[in-house]
Amino acid sequence: MAVTPIERLGKDALQAKGFFGAYKWLILRRITQAVIIGLFIAGPIGGMWVLKGNLAGSWLFETVPMVEPFVFLQMLAAGMFGFLTTTVVGVAIVLAFYALIGGRAYCAWVCPVNVITDAAAWTRRKLGITQSAKISPQTRFWLLGAVLVVAALTGQLAYELVNPVSIVHRELIYGMGVAGGLVAAGIFLFDLLIARHGWCSHVCPMGAMYSLIGAVATVKVTSPNRVQCDDCMECFEVCPEPKILPPALKQGMRQGHPPVVDAMTCTRCGRCVDICSKDVFAFSLLTLGKAKRAEPGESVGKEEERGFKKAS
Amino acid sequence: MASGGNSRNMSRRRFLANLARTVGGVSLLALGIGIHARSAKAVPPEYIRPPGALDEEEFLSACIRCGICVRDCPYDILKLADLGSDNPATGTPYFIARTGPCEMCEDIPCVPNCPTNALDHSLKDITKAKMGLAVLIDQETCIAFLGLRCEVCYNVCPVRGKAITLEFQPNKRSGRHALFIPVVHSEHCTGCGLCERACILEREAIKVLPIRLAKGQLGQHYRLGWEEKARRGESLVNPDSPHEFNLPEGVKYDYETGRVYRVDEATDKVGKSTRGGRALPGGPGGSPAPGAEQMPGTSANPLDVLNRGLQEAK
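Respectively, the protein sequence lines represent chains A and B. FYI, the numbering for the first sequence is 1 to 312, going by this note's numbering. FYI, the numbering for the second sequence is 1 to 314, going by this note's numbering.
This is chain A alone, in the form it adopts within the complex (with noise of 0.2 Å):
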């Protein structure tokens, strides 16, 4: 009852809190993703070598490698095993650093193409597109499956010759012909009119690796004032993966029960953060795999505080 309705999405959380408390974390992910890419591209036009190469592999200070480990794990499929030490650990660091701060934060501070897909979903909004083909959450995992059984099978990094995420990231820092733009567009236009999220949440098999490889982390959306939910539902519009956020909200209720977005998948975009008016949540820092943030004791009496709340 309390639902807002789409075109006053987002409003109360700016009154509440302000331009920058509404949009803190889209705005730090925008310029967390547009640095890297300047940080590439420092170098070959300024001669600033912060970082050479790309995300697939690339020098720190030209001193530190990095390798990503979804195309590590698509050579190892393809039978490469001539790589060198350079190679383990690169993929040794970058692996460490997400397992940490969670897989998917890749996805949503990193990766150029969720630009993309949160326009489509932004546009969707707007438009009022609202229907959407069912595509299970559950093909990224197959198709990451999928893309190893095909590097087996064509002895080389097939996905790599179509992966969107690559290739745009790739014209984007060296500045190619038109595939990319026309990869970019093609995106837009599946989240725009075939599936809701359906890129990010539904396919990329990246994501899908992602977040296997964040399973266990510690930066994780928790809940601390989840009390104040007043079943607004702005956040499950906003989420791209809207399904992980009820246990946060709901479980959560239950004594014992750790208010956190435990899944996988999340991306810690932050969004759900923002646009929460009564800031029901945040990002915590969280002990390896032990997500225990609610006080004992925290949940007697919220249901009256609730009601209340909705009341009021």
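Per label pair, the in silico range of CB-to-CB distance:
#1 Ser11(B) <-> Ser132(A): 20 to 26 Å
#2 Ala17(B) <-> Ile6(A): 30 to 36 Å
#3 Gly18(A) <-> Asp86(B): 52 to 58 Å
#4 Ile6(A) <-> Ser11(B): 27 to 33 Å
#5 Ile137(B) <-> Trp49(A): 37 to 43 Å
One side of the interface only, derived from the structure: several residues of chain B facing chain A at Cβ under 10 Å:
#6 Arg71
#7 Gly84
#8 Cys114
Calculated from the structure, these hints are not laboratory results. Note that the structure is predicted; figures quoted are calculated from it, not measured. Even for Gly, the Cβ is constructed at its ideal location relative to N, Cα and C.
Based on the hints, put chain B in the right spot on chain A.
What follows is chain B alone, placed relative to chain A:
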């Protein structure tokens, strides 16, 4: 109970149907990718991989398309392939010799930062690189063949005097000039493409091609006699065993004297026993076998006899 079982049945059925749909869709996608990958396996000939690149098949499983080699090339000749089936595999590095050949830096900066060894780090000497092979592909337009002095490809070659040499041939058209013909030697050519860029023609007569296109491959069973001889220090063929010419019956060639004899019918028996089936009359170091006499009017060159035909020999 029954309805509960039914709904469970229904939901299971729906679950299986959805699963089948997902798996089916994913399989189709995978099939498409696989077919695309197979069709894109060979690099188009005008695209050349950077120095040290593994064999194409291995390269495609080792190169992660990061473009670090592109950044490290001081001459900015390397590009990453764009999407499309006419291009090399998406995102992989290449250069095009006619517009931007490899300058063959001595320290090969594009190689050591490759994070996966797709560009083989064991390549330390750029003259050992095998990016391709230059081929003087058109003798009808190459002005050296037309009788003009050019030698530009010979002069720009960084492995000068080894990868391309000049061979002098008589100009049969004029009858009194020489042709200075550039000849590429695959042993030394790195495929850098400097010759291709330098070729003065509108469209180059010398091109760097992938080794697979530029070179034939000798069957494994072939042995080069002179190489085997050099390796062993002596001929593998017994120098004493005489060569058997395909002579008409009753005519023999004497290995020592280099002469052709007619074997007399009457003494054939003797001849056979001394020949041991294969050897010629007399055997090595000996005089012609008894009973064999030199044919009158035969040349010292046995091939003359062969060329004249059997009639005359008889």
